[in-house]
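Number of protein chains: 4
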Amino acid sequence: MENPKKISVGIMGVGGYTGQELLRLLLHHPSVRICCLSARAEKPKPVGELFPAFAKRIDLVCEDHPPEVMAKGCDVVFLALPHTISMQRVAPILKAGKKVVDLSADFRLKEAGEYEAAYQTKHLHPEFLKDSVYGLPEFYREKIRNSTLVANPGCYPTAVLLAAAPLVKGGRGARFLIADAKSGVTGAGRKISGDLQFAEVNESFKAYKVGVHQHVPEMEEILKDLAGESVLLVFTPHLVPINRGLLATLYVNLSENLSASALIAKYRTFYEKEPFIRILPEGVFPEIKQVLYTNFCDIGIQVDAKRKTAIIVSALDNLVKGAAGQAIQNFNLLSGLGETEGLL
Amino acid sequence: MENPKKISVGIMGVGGYTGQELLRLLLHHPSVRICCLSARAEKPKPVGELFPAFAKRIDLVCEDHPPEVMAKGCDVVFLALPHTISMQRVAPILKAGKKVVDLSADFRLKEAGEYEAAYQTKHLHPEFLKDSVYGLPEFYREKIRNSTLVANPGCYPTAVLLAAAPLVKGGRGARFLIADAKSGVTGAGRKISGDLQFAEVNESFKAYKVGVHQHVPEMEEILKDLAGESVLLVFTPHLVPINRGLLATLYVNLSENLSASALIAKYRTFYEKEPFIRILPEGVFPEIKQVLYTNFCDIGIQVDAKRKTAIIVSALDNLVKGAAGQAIQNFNLLSGLGETEGLL
Amino acid sequence: MENPKKISVGIMGVGGYTGQELLRLLLHHPSVRICCLSARAEKPKPVGELFPAFAKRIDLVCEDHPPEVMAKGCDVVFLALPHTISMQRVAPILKAGKKVVDLSADFRLKEAGEYEAAYQTKHLHPEFLKDSVYGLPEFYREKIRNSTLVANPGCYPTAVLLAAAPLVKGGRGARFLIADAKSGVTGAGRKISGDLQFAEVNESFKAYKVGVHQHVPEMEEILKDLAGESVLLVFTPHLVPINRGLLATLYVNLSENLSASALIAKYRTFYEKEPFIRILPEGVFPEIKQVLYTNFCDIGIQVDAKRKTAIIVSALDNLVKGAAGQAIQNFNLLSGLGETEGLL
Amino acid sequence: MENPKKISVGIMGVGGYTGQELLRLLLHHPSVRICCLSARAEKPKPVGELFPAFAKRIDLVCEDHPPEVMAKGCDVVFLALPHTISMQRVAPILKAGKKVVDLSADFRLKEAGEYEAAYQTKHLHPEFLKDSVYGLPEFYREKIRNSTLVANPGCYPTAVLLAAAPLVKGGRGARFLIADAKSGVTGAGRKISGDLQFAEVNESFKAYKVGVHQHVPEMEEILKDLAGESVLLVFTPHLVPINRGLLATLYVNLSENLSASALIAKYRTFYEKEPFIRILPEGVFPEIKQVLYTNFCDIGIQVDAKRKTAIIVSALDNLVKGAAGQAIQNFNLLSGLGETEGLL
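Protein chains in written order, with our numbering: chain A, 1 to 344; chain B, 1 to 344; chain C, 1 to 344; chain D, 1 to 344.
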């Protein structure tokens, strides 16, 4: 007999890399019943036929459900949809009184105008922006608990913000950051692109969207919220020829003399109770392989004293802590479950 | 009948990645006769037996030659040896009146004391340091032409210095740089290491030697020479899961208002006559795949005006422009050949 | 309060790729309490310090425990040790009345002489061979349930035997097979080897141990057991530049006219009740990515009618169904748990 | 002053992987003047703008030339075009009295009907089929010298036929072969495909077109020509997550007792004078990395005496000996140049 207290969940966009990872993780979640899966498909098909990796693991028909159907069958709906599509789906679910964890960028910025500048599209539901909560539990845990619409952060923002926060927060913190970030290929989502063909990416490496990445406003907005005043962020993303994982290297000018060990102590205190943040010992730095398939963000810290610069390196799995895992962490919070359930 | 004017060359350390690449490139060089190949080997063996990739391509026996033998048979000897080994081999060759292109770090720094601090070993031949020339032809072409001992730069310094020079040179240039660099695995040389096992490197990415890399003194010394005063460099190397290629992303504070196109123009002027430097058009950034197996260094330029920061990205093949190709460029110069011979 | 009925388990050799995978999987297993972890280590250390991927996931000290200590603390001990080491550890555990799942080759062959020929070492405990059970649940489920020493199959034998069995079994089955197998790098275990350096493996591909692989006796022994008479197997392993996964392509002469769909039907019937075998639809063939991080073995089937040859392709994750996952499947059986527990 | 005896060549389809490789190799060729480059492009552009890897290496405008223009400017035209496109371009060039090396499959089969069955398209110029020569110099050297239209073999056929020939040729040779082949991704040509996206190919491995590959007729036709009677070939291609390189493993039943060393001797004799075939010593097998960026085909040989089976492994670079390098070898032959010119 199935646990009657299980929470019914659905995923819209289960065919993308993030949707697939959500499904993989939710299958292990002890308090979840997966009820509805939606994907673009010509006709309804068993999940295991559409996505052979899931054959014999889940017995459910996947089809192109409208949000009204998702709302009817689920307590919580995960939207693993591209930017600009999520905002077309969210209203019927919220109006039915159900909760949403949205993995797109559509509800992350507080001002519709900023969204429109960054994504070059009119925002369809600015009325939801003031109540949506930015889903970084390490900073906004209580708000998330009381929310009905969580805007799950992007993978770059998660890595950069977690690495930056202890240096930025409060009155005398840093107000200028450089973040040099490197992401695996699934960070770009599942799309058919000449640039992402195997022979174009493999054995290569490049910077892209230099000086113009659409996630900078999202990061600067949260940094401002943490700092209480504007913070400038220079951000350069790079493409690493790996499937998953993301590493960010931050450079911060130090106004005071601070040893690496003192800075590590400050980070340890800041993240003392966090289940998914691991501050590494002095002289040890994150490697993507240590966080793959986990919800951890690892942070390593160095100080170049002669050049008065702190170097903060963070790493996470872009599909877990940078997307699906963090979405489940948010889901746990807004469902009143243990925050780490299904994630350790 | 063979061209009697060909220059006789030898390679010590032909078994390493750099030595193999030198051999590959020299086989195409129209003015070179390869006379002596030396490698650690239990007994003399045909090159094609020791290194199967060269079977049927060169008919020469490779053995563990002492430098005296190399000096006898060659006009120019390439030392593709690890740091600290080169300086044990160089004296007999120079004393025999032959020329040396040394690919190790042993003769790059002008002060023996700095070498000893960086490499933790006593320098055996400080008397050669004042006459050795740093083999970056873009900056020291004339000196190289008149030299007998060229210290070929490391791959990281080549990428960083070429990207930085136009912003650093002269009176009002930058005096503080951040260089975030990413290298393929052959940059570490051919050695058996647990850290470099396939399953440890593949699908991962990491920073290493954060704040303590031994190439920083080499870079700061040349930057100082270019600038006429001290320049500080924050440098973080990272390991990319690819065989070859290196990309460096530099961040430089801009004291004046400068558009990307103006900065690109400045770089184009600076490198106008250089055969191996390619300044990319605005909005285009280097990719490692575009420089693989070539002696080019590609440079892309962006300005983040709001944050007053120039972002300079350079890419090269660490085994070619970062090692063997540059060594041949230096060899061409000190042999009175055309600088690009065998390299285009 | 912890479930008092949980089974106490330990792992010897937790530092290898297989040991790490076992630990990862056992952390998710609802009926397991991990009590003892043993690895070669200079001194006892928390697991999360020795293996940073496990920091904050398990709170246990790992040390170089002798088997007597493992026996005392555990109901079942997994031996994730290299060939020839396992047989040095197993006796004290069995004598203490505890059960063993051995992932090495030491107890797979029934005859000590065959073992000694294949592994070039004297067998130290031939007395255990007659009672050890070959841990391929699809063929030996009942024996495993009643066993105290399960010899977990190698990854190559699992993929080859599962693909071959329906064609080999019984009176008129095939008696000659060709298996061309391709494995990721972790199949070789965690060892420091010049051949397995990243730059030696990446962007390459090779056959190895052609005609002489030590797993052939293991496979021919089980094939003989299935067939009731000798079966000859030509086996060639290849190294794929990926971390994990294994694919085998079998070629079998067909004595009778048989369409692909008829052969697929035969396989479906053969494996009808198996939870971890997925027979793919006609025209679809296995891909390693579909089985990664799962305990499934996918099998695709084609018939080349003109050339009277069946082509059977199987794929699995060498660390899961080819090692740790299958070990847990065996553990579930010999512990009286549900066979799929912790594995779906 | 340029060598007046240089041969003028052009490439149609220079934007594909094969076209790019041809250009790279021809730039090194001492007897070639590259006159015309054609690619699909909206408007004429310098090669270095269209293909940044060639910036500063060649100064030529590339445009979508019709074959008539190519014919006017060139002595020899390389067609690096997809199957079915080549036959639309070839006539004007041949009619102008110029020579063609065609890298597509359009002129490889002798019977238009076989072509139409394999490629599902009507053949537009069956009249050229009887005079076209299959461009495998090791078998058809003299015919190629006298030809005007060379049909350059595919990469799979080159590897399989070179490995098979010594066992197949003549009266008592093998008449049944199994070839299990593995290719890097560029073997599929440059096309935008969901299946060839980085994250779909990387860390995976699969068989494809099992039992139905369109190159089987080409291989069986040449095998028949070598054997003097029909030969059956079971062929399975696989996709390796690497950019370039191809390895084929052949299984051949041995009717007579033959040791590995005797078989190796037979192969050495067969290929004694071939500049690009390397028969490896006993116990050594090909690795893709040893042939990358070269025109060699390496062959390793083993005999499984107990199972009366020869195992022949061949490796080559699919873009060189499997395409562009072999095309230049053919070009050298039909131009009266040294066969290895520009290739060693």
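Careful: at least some of the hints might be erroneous.
No copy is singled out in the list; a pair is fine if it fits within one copy or between any two copies.
With a straight-line cut-off of 20 angstroms between C-alpha atoms, the simulated PhoX-like cross-links for lysine-lysine are [said to hold, decoys possible]: (1) 43 <-> 6; (2) 224 <-> 308; (3) 6 <-> 266; (4) 130 <-> 110; (5) 273 <-> 56; (6) 306 <-> 224; (7) 72 <-> 266; (8) 209 <-> 308; (9) 6 <-> 110; (10) 72 <-> 5; (11) 95 <-> 224; (12) 209 <-> 306; (13) 110 <-> 209; (14) 45 <-> 5; (15) 110 <-> 308; (16) 224 <-> 169; (17) 110 <-> 72; (18) 43 <-> 266; (19) 43 <-> 130; (20) 191 <-> 130; (21) 191 <-> 209.
None of these hints come from the bench; they were simulated from the model.
Consistency of the hints with the structure:
no.: 1; hint: 43 <-> 6; result: neither (29 angstroms within a copy, 45 angstroms between copies)
no.: 2; hint: 224 <-> 308; result: between (23 angstroms within a copy, 19 angstroms between copies)
no.: 3; hint: 6 <-> 266; result: neither (39 angstroms within a copy, 40 angstroms between copies)
no.: 4; hint: 130 <-> 110; result: within (6 angstroms within a copy, 62 angstroms between copies)
no.: 5; hint: 273 <-> 56; result: between (38 angstroms within a copy, 11 angstroms between copies)
no.: 6; hint: 306 <-> 224; result: between (29 angstroms within a copy, 16 angstroms between copies)
no.: 7; hint: 72 <-> 266; result: neither (47 angstroms within a copy, 43 angstroms between copies)
no.: 8; hint: 209 <-> 308; result: between (29 angstroms within a copy, 17 angstroms between copies)
no.: 9; hint: 6 <-> 110; result: neither (33 angstroms within a copy, 49 angstroms between copies)
no.: 10; hint: 72 <-> 5; result: within (17 angstroms within a copy, 39 angstroms between copies)
no.: 11; hint: 95 <-> 224; result: neither (31 angstroms within a copy, 65 angstroms between copies)
no.: 12; hint: 209 <-> 306; result: between (32 angstroms within a copy, 16 angstroms between copies)
no.: 13; hint: 110 <-> 209; result: neither (23 angstroms within a copy, 40 angstroms between copies)
no.: 14; hint: 45 <-> 5; result: neither (28 angstroms within a copy, 40 angstroms between copies)
no.: 15; hint: 110 <-> 308; result: neither (35 angstroms within a copy, 26 angstroms between copies)
no.: 16; hint: 224 <-> 169; result: within (9 angstroms within a copy, 36 angstroms between copies)
no.: 17; hint: 110 <-> 72; result: neither (29 angstroms within a copy, 59 angstroms between copies)
no.: 18; hint: 43 <-> 266; result: neither (55 angstroms within a copy, 29 angstroms between copies)
no.: 19; hint: 43 <-> 130; result: neither (37 angstroms within a copy, 50 angstroms between copies)
no.: 20; hint: 191 <-> 130; result: neither (31 angstroms within a copy, 45 angstroms between copies)
no.: 21; hint: 191 <-> 209; result: within (18 angstroms within a copy, 24 angstroms between copies)
Violation of the numbered hints given earlier is confined to hints 1, 3, 7, 9, 11, 13, 14, 15, 17, 18, 19 and 20; the remaining hints are satisfied by the structure.
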